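Protein sequence lines, in the order shown, are assigned to chains U and L. Read in order, the letters of the first sequence correspond to residues 33 to 438 in this note's numbering. Read in order, the letters of the second sequence correspond to residues 141 to 428 in this note's numbering.
Hints listed in this document are in silico derivations from the structure and should not be mistaken for laboratory results. Careful: at least some of the hints might be erroneous.
When the alpha-carbon atoms are kept at most 35 Å apart in a straight line, the in silico DSBU-like pairs for lysine-lysine are as follows [stated by the list, open to error]:
#	chain 1	residue 1	chain 2	residue 2
1	U	K398	U	K383
2	U	K284	L	K281
3	U	K223	U	K256
4	L	K258	U	K427
5	U	K298	L	K281
6	U	K256	L	K348
7	U	K198	U	K231
8	L	K258	U	K256
9	L	K348	U	K433
10	L	K348	U	K202
Label-pair ranges, simulated between beta-carbon atoms [what the hints assert, rightly or not]:
#	chain 1	residue 1	chain 2	residue 2	range
11	U	L338	L	Q224	51 to 61 Å
12	U	Y434	L	L414	52 to 62 Å
13	U	V169	L	F294	54 to 64 Å
Fair warning: this is a prediction, and the values are worked out from it, not measured in the lab. Using N, Cα and C, we set each Cβ at its ideal position, and we do this for glycine too.
Listed below, chain by chain, are the residues.
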Amino acid sequence: MNLTRRTTLQSLAAAALAPALGGQAFAQGATFRIGALNPVTGAGSPYGSGMQKMILAAAEMVNAAGGAGGRKFEVFAEDTQTTPQAAVLAAKKLIEVNKVQAVVGTWSSGISLAVIPLTNDANIFLMNTSGAPALSVPPANAKGLSYRFQATNDRFGRAFAELCEKEGFKRPATMAFNNASGIGNTEGFKKAWEKKGGKVVANVVYEPNQTSYRAELQKVLAEKPDVIVTGSYLGDTTIILREWFQTGETTKWVIPAWAANPQLVKAIGNEAAEGLFAVDSISNEGSPAFSAYDAAYQKAMNQPGLSNVYAAMTWDMVVTLALAMEAAGPNADIAAINKKIREVANPDGAKVSTFAEGKEALKKGKINYEGASSVLDFDEFGDVTPDFSVSRVEKGEIKRKYLVKI
Amino acid sequence: MIPFIELALNGIVSGLVIGLAALSITLVFGVARFPNAATGDVMSLGAFAALAGASASGTLLIGGVFGIAVAAFVSLACYFLVFQKLSSRPPVASLLASIGVAFVIRAVMGVVFGHQQKVFDLPLARPWRVLDIRFHPTDLKISLAALATLVAVFLILHATPIGRRMRAVADDPSLARVSGISPRRIMVALWLLSGAVAGIAGILVGIKTVVTPEMGWDLLLPAFAAAIFGGIGHPVGAVVAGVILGIVQEVATPFVGFTYKIALSFAVLLAVLLIRPKGLFGTVAGAR
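Based on the sequences and whatever the hints tell you, model everything.
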C-alpha cells in the first residue's frame, strides 16, 4: 500500500472539512441572508431610512408567512452614506462577513455601478433603485443578476418628451450633469423627441462643482428654446435656476423630481420657481400591494407611503425575491431563483398582491406579482416601466397635474 | 462680442472668489511652508457659521462677521492643536495632517449642519443692462467684497508692523529670528488672517452657489492651481492667477465646450509653469 505523506494529509484535510461544509449547507438551507444597503445618511437620507425599514418589514412579513421555499430571511443593514466609497466598503462587508445572497436597495447610479462588480463576482443578486442606462447591459449586468425597480433615465427622458408634446413646446434644449444618470435623462429625451419628429435646439453637458453655470446657460439660451429639459441634481439645479432667473429670460423648465423638490423651491424662491415642471416615477398607487406597503410604511415611519417612492421599491424587492424562492422550491441556488424572478413578476399568471397570496397561488400554477412600486414586469434587461407623474410649481407648492404612461 | 464680455465678467467674479481661497493657501505656504488642504473646509465652515449668524441676527452683515470670526478662530485652533507640533517636521507631515484636519472639519459640519444644501436668503435680482451688457447686482457686490478683502490683506501685509514681520519670516525665517522677530506671534497672526480670508471666500461662494459641507473641498483644486500659477507664497500672484484662470475658463467655453473647460485651465497652468517654473510672480525657489 502506497500511503504517502501527501495523500494522508489530503484525506485528513478532507475528513476535517467535510462536517464544516455540511454544516454550512445546512445553515444555508434554513435561512436566506439579505444585505439592506441603503442611503441612510448623505444626499439620499430623506429616503434611506424608510427604504431600510421596508426591507425589514417585508422580510418579517415573509417570515411570518412561513418563509420562502422553506427558508427564513435574515437581514443585515448597512449605510451607503450616499457615497460610492462607503457603499463599496459596506457591500464588501455584507458579502464577505455576513455572506449575504442578495444586496437590495442601492440608491443613486454611481453607487449601484460601484457595487455591481462585487455582487457579480460573488454571484449574488443586486436589486437597485438607480436610473443609469449602463446598469441594464454588460459589463454591469453581464450575469443578469441585477434588477432595477426604478425607471431608467432613458424612460424618464421618454416621459419628458411626452410632457413636452402635451404642453405644446416646440424648441426644447437640454442641460445634463456630466454623469451616467444626467446624460441618460437628456439622451433619452432627445431620442424620444426626435422620434416624434421634433428637433432639440441645444444640448449642454456641464461639469459638477462650479461656482457659476452662466456660460452653459448662455450657450443654451442663445438658441432661444421655449423649454429646457434637465438631467440634474438639487445643488447644481439651484445654482442654474438662480442664474437663469437673474438673466431675465422666461424659458420653461422640465426637471426630474429628485432635483425639483420642495427644497429647490425654498432655495430659489416662489417667483423663480413658478411654473417649473417636475417629473417623477410614481408608485403603483391604488393597487392592493400599495395598500399593504402603505400600512407597513405608516406603522414604521409614521408618514404616508406616498412620501417615499423608493421605499415601495425596496418592499417589492423582498416580496419578489421571496416569491421567486418559493417558486424555485427548497434549497434552490441563486441561479435557480434567478430563473424564477420574471416568472413570478411578469404577466400570464394569476395576479397577486402580497407574499402570502402568492405563496398560496403558486400551489395552483403561475403567478404575476403586481407590486407596490409598479406592476413590476421585468424586461430582458431586468428593468421595469413605472408610470410617471407631472407636477407644476404654483405659488411655491408642487402640485401634481397629470400622469404619463410610456 | 457681447457674449464674450459677459463671459469674461463672469470669469472675473469666479476668479476673484477662487483667488481669495488661493490667497489663504499662499499666505500659509509663504510663512508656514506647507500647502494647507484644510483651507477648503475652513471656507465651508465660514459659510455655515455665517448662515447660522445671519438667521440668528436677521442681518447678513452680522452673520458675515460671525462667519469670518469662526473661520479665523478654527484656523488658529488647527494651528495650536496640530500644525504647531509638526512645524519642525518636513512639510509633507503638515500637508498630510491638514488633509486629516479637513476630514474632521467636514465630518463635524455634516453632523452639526446636515448634508442638505442650505442657501443664503437673498432676493434674486434682475440684471442691469449697460450698453446691452448684463451686469448682475449680486456679482457686483461679491466682487466688491472680494476686492475689499484683498485691499485689507495687502494693507495688513504692507502697512502694519505685524505684516512687515510676516513678510520678513516669509523671505528668510532664520534671518527674521536673528532680528528678534518672535515666530509665535507671527504664526498667530498668520493663522487668524488666513482663516478669515478663507471664511470670506467661503461666504462669497455660499452666496453665489449653495452651502454644503463639501463645497470648500470641491474648490480646493482650482484654488491650489491658482496659488501655484501665481507663484506660490506670493499674495498678489494668487489673486491675479485666480482671475486669469477664471477668465480663460469662461471665455474658452464656446471653443472647447463645457466638459473640457476645467481641464483647459489646468493646461494653461502647465504651459505657464513650463515657461516660468516659479509661477507668475514667484521668486526663484532656490533663494528660499
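Quiz item: Among the hints numbered above, which are violated by the structure, and what are their numbers in rising order?
Solution: Violated hints: none; all satisfied.
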